[in-house]
Amino acid sequence: MTAAPGIRFSGRASVDGVAVFDRLELVLEPGGWTCLLGVSGVGKTTILRLIAGLPTGAAFEGAIAANDGAGLGARVAYMAQSDLLLPWATVEENVTLGARLRGEAPDHARARRLVADVGLDAHAAKKPNALSGGQRQRVALARTLMEDRPVILLDEPFSALDARTRAEMQELAFRLLDGRTVLLVTHDPGEAARLADKIVVMTETGAEEVATPPGSAPRAMSDPAFHAAQAALFARLGAA
Amino acid sequence: MRYLGGILATVIALGLWQAIVSLTGVRRFILPPPALVAETWFDNRALIFEHTLVTATEIGLGLLVGAVLGIATALTLAASDFARLTVRPILVFTQALPVFALAPILTLWLGFGMGSKIAMAVLIIYFPITSAFFDGLMRTPPGYLDLAQTMGASKWRTLWRIRVPAALPSLGSGLRLAAVYAPIGAVIGEWVGSSSGLGYLMLLANGRAKTDLMFAALLTLGVLSIVLYLTVNWLTLAYLKRHSPGV
Ligand SMILES: Nc1ncnc2c1ncn2[C@@H]1O[C@H](COP(=O)(O)OP(=O)(O)OP(=O)(O)O)[C@@H](O)[C@H]1O
Ligand SMILES: [Mg+2]
Numbered sequence: 001m002t003a004a005p006g007i008r009f010s011g012r013a014s015v016d017g018v019a020v021f022d023r024l025e026l027v028l029e030p031g032g033w034t035c036l037l038g039v040s041g042v043g044k045t046t047i048l049r050l051i052a053g054l055p056t057g058a059a060f061e062g063a064i065a066a067n068d069g070a071g072l073g074a075r076v077a078y079m080a081q082s083d084l085l086l087p088w089a090t091v092e093e094n095v096t097l098g099a100r101l102r103g104e105a106p107d108h109a110r111a112r113r114l115v116a117d118v119g120l121d122a123h124a125a126k127k128p129n130a131l132s133g134g135q136r137q138r139v140a141l142a143r144t145l146m147e148d149r150p151v152i153l154l155d156e157p158f159s160a161l162d163a164r165t166r167a168e169m170q171e172l173a174f175r176l177l178d179g180r181t182v183l184l185v186t187h188d189p190g191e192a193a194r195l196a197d198k199i200v201v202m203t204e205t206g207a208e209e210v211a212t213p214p215g216s217a218p219r220a221m222s223d224p225a226f227h228a229a230q231a232a233l234f235a236r237l238g239a240a
Numbered sequence: 241m242r243y244l245g246g247i248l249a250t251v252i253a254l255g256l257w258q259a260i261v262s263l264t265g266v267r268r269f270i271l272p273p274p275a276l277v278a279e280t281w282f283d284n285r286a287l288i289f290e291h292t293l294v295t296a297t298e299i300g301l302g303l304l305v306g307a308v309l310g311i312a313t314a315l316t317l318a319a320s321d322f323a324r325l326t327v328r329p330i331l332v333f334t335q336a337l338p339v340f341a342l343a344p345i346l347t348l349w350l351g352f353g354m355g356s357k358i359a360m361a362v363l364i365i366y367f368p369i370t371s372a373f374f375d376g377l378m379r380t381p382p383g384y385l386d387l388a389q390t391m392g393a394s395k396w397r398t399l400w401r402i403r404v405p406a407a408l409p410s411l412g413s414g415l416r417l418a419a420v421y422a423p424i425g426a427v428i429g430e431w432v433g434s435s436s437g438l439g440y441l442m443l444l445a446n447g448r449a450k451t452d453l454m455f456a457a458l459l460t461l462g463v464l465s466i467v468l469y470l471t472v473n474w475l476t477l478a479y480l481k482r483h484s485p486g487v
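Respectively, the protein sequence lines represent chains D and H. Each residue of the first sequence is one higher than the last, beginning at 1 in our numbering. Each residue of the second sequence is one higher than the last, beginning at 241 in our numbering.
Quick caveat, the hints were computed from the structure, so don't treat them as lab data. We put the beta carbon where it would ideally sit given N, CA and C, even for glycine. Mixed in with the good hints, there may be bad ones.
[As the list claims (entries may be wrong)] Label-pair ranges, simulated between beta-carbon atoms: (1) 23(D) x 375(H): 50 to 58 Å; (2) 309(H) x 205(D): 56 to 64 Å; (3) 130(D) x 392(H): 28 to 36 Å.
Chain D extracted, bound-state conformation:
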């Protein structure tokens, strides 16, 4: 992996001339976790897709740039809310999909290591329908890591999981994505309070940074400061 760049996103997006967000400024620190919160429909997925270079339903005016001046296109991995596992491919084939789509020889040893890292070595030859929702999401995480991109965009990747699996996945992702520039969209103030180096709340009029709890992520859920931050963030979202 090349060094993780910082990213500066600024601009406005509109659908049929109606602004989705306006004069939005979002700065992702290099190698840090930024959590993006905001009510439904405020444009969080749109931002992720714009950074990933994917088509959106909105017209965008503005700039998306890395602080090292190089392009972003081939440096971004995007993990959507649904796992998007191919039902006809085994766990390992899903993890090595990128290489096969580029016509490269997949690095099977590395794929197996990542499958083991997400705790699925016993399931490598299974097809996705034989896995639980949490296991599928872990395969998607392994596939994202396999791409070895310095910028990782995560769109509510853990929202469909039960509380316990979610906490496990958060820790796993945090550990395995160390050193990358991560933008995590979430609806869960607890998730943001736990993982973020930087928390940004988005409204129709712009984005506002909110203080993170003390201590470095991932923060222990038993910590009173974590609860206070979570509650404050929840109140902040209600007011937004």
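Got chain D; can you put chain H with the ligands on it based on the hints?
Positioned in the frame of chain D, the structure of chain H with the ligands alone reads:
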């Protein structure tokens, strides 16, 4: 339970048939009783078998050629915007022509042999296979395409590794439909001009007022069609279940 239903339906149909014959006293060259048809079928089994083989071959080859052409067309349409713009209107137009009307022309061009019947079957199944597979290729879940794009996939590898496998269930529906239509195509071809096949045998029997033989041939054709459909159905579903389980 499924078999029980089928057996029950057969018994009821045979009972009704026999009841109509007994109650109306209709003459046997109009409607022969089931027992007579069974007897005729047995007495003529070698003849019927010979003609069944011809029709089955026509249907089988028609299915094969139609599937290959349909799959190739769908792939071309899905891969090329130019082909979509130019070929698709032609396809839709030809589909507006009643295929039956083409049977005499096919016989004129290809003769009385199997060729014209296979061509007829191909014509009748080509469009359902093409359109089913093409629809599937155009309806790839958008998330898969996003994934391919961020992974830096080429257009061809996206087609081959994502769009085609994702469209196989649609192709399966097309093939099942084709299995229903192909026998119709072959028999129409035989009616227009032939010297063998179950369609030919039916015409022959009809012309000689051998209604019992005609019914025997007709029922054989029905059984052949059902066996064909069940086989294709079973093969496609079994393959899909192994290929992409849980879809
Ligand atoms: N393909 C599209 N065509 C037209 N409008 C769209 C399209 N996709 C999104 N929008 C609009 O853009 C706005 C932002 O959508 P977006 O998906 O970015 O919201 P979001 O913040 O991710 O919401 P959620 O939290 O519900 O996922 C919404 O008002 C939506 O209606
Ligand atoms: Mg969204």
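Checked hints:
For residue 23(D) and residue 375(H), the hinted distance range of 50 to 58 Å is not satisfied, since their beta carbons lie about 43 Å from each other. Roughly 58 Å separates the CB atoms of residue 309(H) and residue 205(D), a value that falls within the hinted 56 to 64 Å. The supplied range of 28 to 36 Å is met by residue 130(D) and residue 392(H), whose beta-carbon atoms lie about 29 Å from each other.
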